[in-house]
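One letter stands for each residue in the lines below.
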Amino acid sequence: MSELEDKENKSILKRGQEFLHLHQRVESFTQELLKENERLRFKAASLEQENKSLQGSVKTPPSDVLTERVRNLEQEKDELLKRYQQVEEENIDFAKRYLEIEEENNNLANLYVASFQLHSTLDFREVVQIVMEIVINLVGAEKFSLMLLDENKGDLYAVSSEGVAREKVPYIKLGEGVVGRVVQEGTGPYVAEGQKRSETTLAEPLVVIPMNIKDQVIGAIVVYTTLEQKEGFSPLDFELFNLLAGHAATALFASKLYSESERKLSTIQGFLDLLKQ
Amino acid sequence: MAKHWCLLVEDSPTMRQLIIFALKRIPGLEIVEASDGVDALKKLPGQKFDIMLTDINMPVMDGLKLISLMKNNPNYKDIPVVVITTEGGKEDRERGMALGAKSYITKPVQTTNLLKVVKEIVPGL
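Protein sequence lines correspond, in order, to chains A and B.
Every letter in the first sequence is one number past the one before it in numbering that gives the first Met the number 0, and letter 16, counting from 1, is 15.
Every letter in the second sequence is one number past the one before it in numbering that gives the first Met the number 0, and letter 29, counting from 1, is 28.
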């Protein structure tokens, strides 16, 4: 063989080996592809199986069942809305009631303080002052007088007044005029309904609150006009009138008795001291 | 709870008791009483007051004079003042407000209104 042929053979052999190597790699890759293909086919089959089993378990309910369910839910919603409205109304009701109770509480507190103050002293002048303060600050009277009964003469006379000079308040006989009649009857507070501020006089007042202890007449609180800002009388005012009618009478009577007994005691003590000497 | 201080200036002991009884419902509010303007001026340096409630018609020194003196004093000019009075006329109200009162309440006092005004004026009550 010539040298040229030998080189040619070697080159062919080398290329053959390269081709064989390439073939082996392609074969290996093809094997891998086949394996992957097999795996994917298995996965697809199992997913298909799973899908079938899931489809079998989910059953679409018939349309009438769904309609019934919707109707029930609608009813339930309506009932809940009704209940919500009821609760809303109850809440408004409770809020109103709360305000009423608050108002009642305030009124009771005022009555308590008035009553407490009236019985806080046995000094006649102080009791008179307290009655005057209550009438100004709680009733809202502008012109008024506190009248007591002179048991010897049977007259009502002003022991204190506000907005009008005490000397100008006339003596009133029991049973005479509006004040005399109201005090003698002793049935309860008199209020001249609908009377204007300018229409009231010392003889025809706006309010007369007779003060009695059982059947015994003590005197009266006579209101001629109320403060400019006061518009009519509230239920609290009537409660106050009743409280004043009873408690002021007792407080005034007790303090008067106490003052008299103190005076008598001091006189007796003076006699005793004189006798000792 | 932080304490807030109120100076109540009123000559009528009955009215003072009524107002104190109402204000006691506000937690944290402490009340110092004064029976007239002069008494109030004596008590003002003793405490840092958050509010002052004052009557107008009082003996020794009336409420308007008291407000005027307070508003001209740098130590007390910022104390909010509420007037509580029987004087319900427009002119009286305007005079009180012109002197620097924050609010003007007429007697007979409505407790609900009084509490509302005090709570509105004093922050944190």
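Worth flagging that the hints you see were computed from the coordinates, not collected in a lab.
Note that CB positions come from ideal geometry on N, CA and C, so glycine has one too.
Where hints are given, some of them may not hold.
Listed next, the stretches of chain B that the computed footprint assigns to chain A, with coverage defined by at least 3 CB atoms under 8 Å from CB atoms of chain A [claimed, not checked]: (1) 10-20; (2) 61-72; (3) 83-95.
> Which numbered hints does this structure break?
Replying inline: Failing hint: just 2.
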